[in-house]
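Enquirer: Sequence:
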Amino acid sequence: MSAASTSKKRIRLTLSGVVQGVGFRPFVYQLADKHTLSGFVSNNGKGVTLEVEGSAQGIDAFYDTLVTTPPPLARIESCEKEEIALQESEGFIIEASSQSDSISSMLPVDVALCDACRAEMQDPTNRRYKYPFINCTDCGPRYTIIDRLPYDRKNTSMKFFGMCEACVLEYIDPSSRRYHAQPISCYECGPQLSFIDLEDKNCRYESDVIERAVKKLHEGKIIALKGLGGFHIICDATNKEAVESLRERKHRPSKPLAVMAASIEVMQEFAVLCESEISKLCSKERPIVVVSKKQNATLADAIAPKIDKIGLFLPYTPLHELLLEAFGKPIVATSANLSDEPIITDEKELLQKLSLVVDGVVTHDRDIRNACDDSVMMDVGGDALFLRMARGYTPKSFYHQKPINKKILAFGANQKSTVALSFGNNTILSPHIGDLNSIDAVNYFQETIATFERIYEFEPEIVVCDKHPNYESTKLAHAYVASHPNTELIELQHHYAHALAVMAEYGLEQEVLAFCFDGTGYGDDGTLWGGEVLRATPTEYSRLAHLQTLYLLGGEKAVREPRRVGLSLLFELFSFEELESLEHPLLKSFSPQELKTLHMMHTKGINRPASTSVGRLFDGVYALSGFLEELGYEGESGLILEKIAVQHPSDARYTFSIVDGLIGYTDMVREILQEKEPELIAAKFINTLCEIILSLAQQNRELPVVLCGGVFQNRVLVEKVKERFESESIAYYIAKETPVNDGAISLGQAYHVRKILEQKPKDSNE
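Mapping the sequence shown onto our numbering, position 289 (from 1) lands on 289, and the numbers just tick up by one.
Among the clues, some could well be false.
[Said to hold, decoys possible] Calculated lysine to any residue pairs in the SDA-like style (CA-CA distance at most 20 angstroms, straight line): (1) Lys-293 to Gly-635; (2) Lys-348 to Lys-130; (3) Lys-722 to Lys-736; (4) Lys-255 to Val-376; (5) Lys-676 to Leu-662; (6) Lys-8 to Asp-64; (7) Lys-755 to Glu-461; (8) Lys-9 to Asp-33; (9) Lys-9 to Ser-89; (10) Lys-240 to Lys-294; (11) Lys-588 to Glu-578; (12) Lys-329 to Glu-269; (13) Lys-255 to Glu-629; (14) Lys-130 to Asp-64; (15) Lys-722 to Arg-701; (16) Lys-475 to Asn-486; (17) Lys-755 to Thr-487; (18) Lys-596 to Gly-635.
Worth flagging that the hints you see were computed from the coordinates, not collected in a lab.
Modelling step: build the complete structure from the supplied sequences, incorporating the hints.
Expert: Okay, structure coming up:
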């Protein structure tokens, strides 16, 4: 053995990333003990600082293990290492957390119940048998209970629960799985369940809580249950009357409801699951995964009417597991909120707003500090495609090699809103906030900003928002800057921000060809864009091509009534006299007077906003296929077209044109009018979109492709495009770790400003 391997040394490591609330300090302690090293480890606002002293060989082995195989929930984004003077210290300790001049540690996310805790919860000899708040360093609440960093019990809503002697012994025992587990508790010292019976004068019971809830569910009643990031509204998913009653009480006529089942085996009774979907369902994040329904399943038809998909998830808290175990059947589990409002986290608010919706409430006395809804995704060829990113995945952090010297706050979009903070080497994407269509939603948006400003002691110097003057997020950004006069305001085009979000996820800096297809977004020319093909870099873009203009007869009314979009397509092709002789169900759905009025609006340009939106073209084709009823929720037309498209094997497509950057669909509409089968129309329409994308990509083969926007939530379209790209060896990028829809707009906005700042001299204050 060489003298170098036996000589002593001491090193200091400063680590940042997701290194708090993930069992990092206990891991370091045990690793130091394994290699007979002395020193300490401590949390601070920047992350974790540690010093170890011992043999050079032991320190090298310690360091290699730490950076290559950290704890499963941790993510080291930077590690500064320096050799320092020996202190001849003895033993290794976990020091109390210290404050820092600046906060840069990443917030830990909530984690589903782990196998070890589940085994203890089911062990009659364990002191936490059937305990609904069991957790350890590998699972349990994190983000939803935190007030500020560092992540210590005193900085969470668990500070109100003093640990009993038995919990303290686990907390200080380096060999325990609960060593420094901040939410640790038990029956003696932890939160307590209670049941409020709204059918019995709001009487509160603190005994037999789960049994009382299960009795209500068996009776076909609807109850609220307090989860990690908010309340669920739940009912028996096999009870037709219960599900229909929930829809009626919640005023949610057709939007799909999620179903929670106790196991994969139960799910397979009513859904078709591939291995990749099973893997996502069983992950530590426990998202809702949208999968294919089985026909003639035992679930109530009203859960996901008219479509062949269903959102499923496994229980992720011990409370959910205990309830499902006792009930023995799957449950509908949907967010507890009023339409267009955020998920409810407070018992008083729940009773105030939903007392006519639910018959009972399962609640507890551990406060939810930060609301966080369930994440929703689907599997496309083994990759995740996020529809909503929240619990288990957010706050989502991104590490950048180049630091910036200004702080950025991005206000995102109006639908599926999120915010993003960017400072130093980091960008942080908030959990899903929701649509800003109500006062409460706007208030929650502002509260989310305030939460992140408080946790990160963050005062933005640059605010970036969408260009749409009527977005609530844009109005709030302007108001914020007006009240902070030294803050710069930047407005960014919506679809460019879509492209930037994907570029941010992959760290792309080269020019890309971005297909930005969505519902609508405010264009540079003041019209509603949504079928855009951009040449884009992180700092600039140009509009290469776009969809031929269509018109929204009646403005917002056309978004709810696709037949109005379909009618506008016909108005562009035929005179009114020609339409009178045309036999089509769409025309018959309007009275003669309605047709005259709408035609006059179209010809005179009255209340018929121009749009280049592919999402709205979906609506028009949906109506031309014979679907004429009002939509019950955003994206319903696309889901139904997706469902029927797979029922027809056609590889045929419709005629289109691309001339001088204009993607023409006129010939397609004429050809659709000759079709009789809705399934064939849907299949050929999606094939046509795929061919349009491929054609433009082939014309610009020097550029990698980015696919972004809500239209790419269509699984059939994405699968077809990916297959064609791979067969043609065309490089492409689509979001896998962020939402493909407006939920990532704030990330794109922040990325743009970061890249501008990175190009400036470091000491620039411009």
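Enquirer: Check each numbered hint from earlier against the structure, then list the numbers of those it violates in ascending order.
Expert: Failing hints, ascending: 2, 5, 14 and 18.
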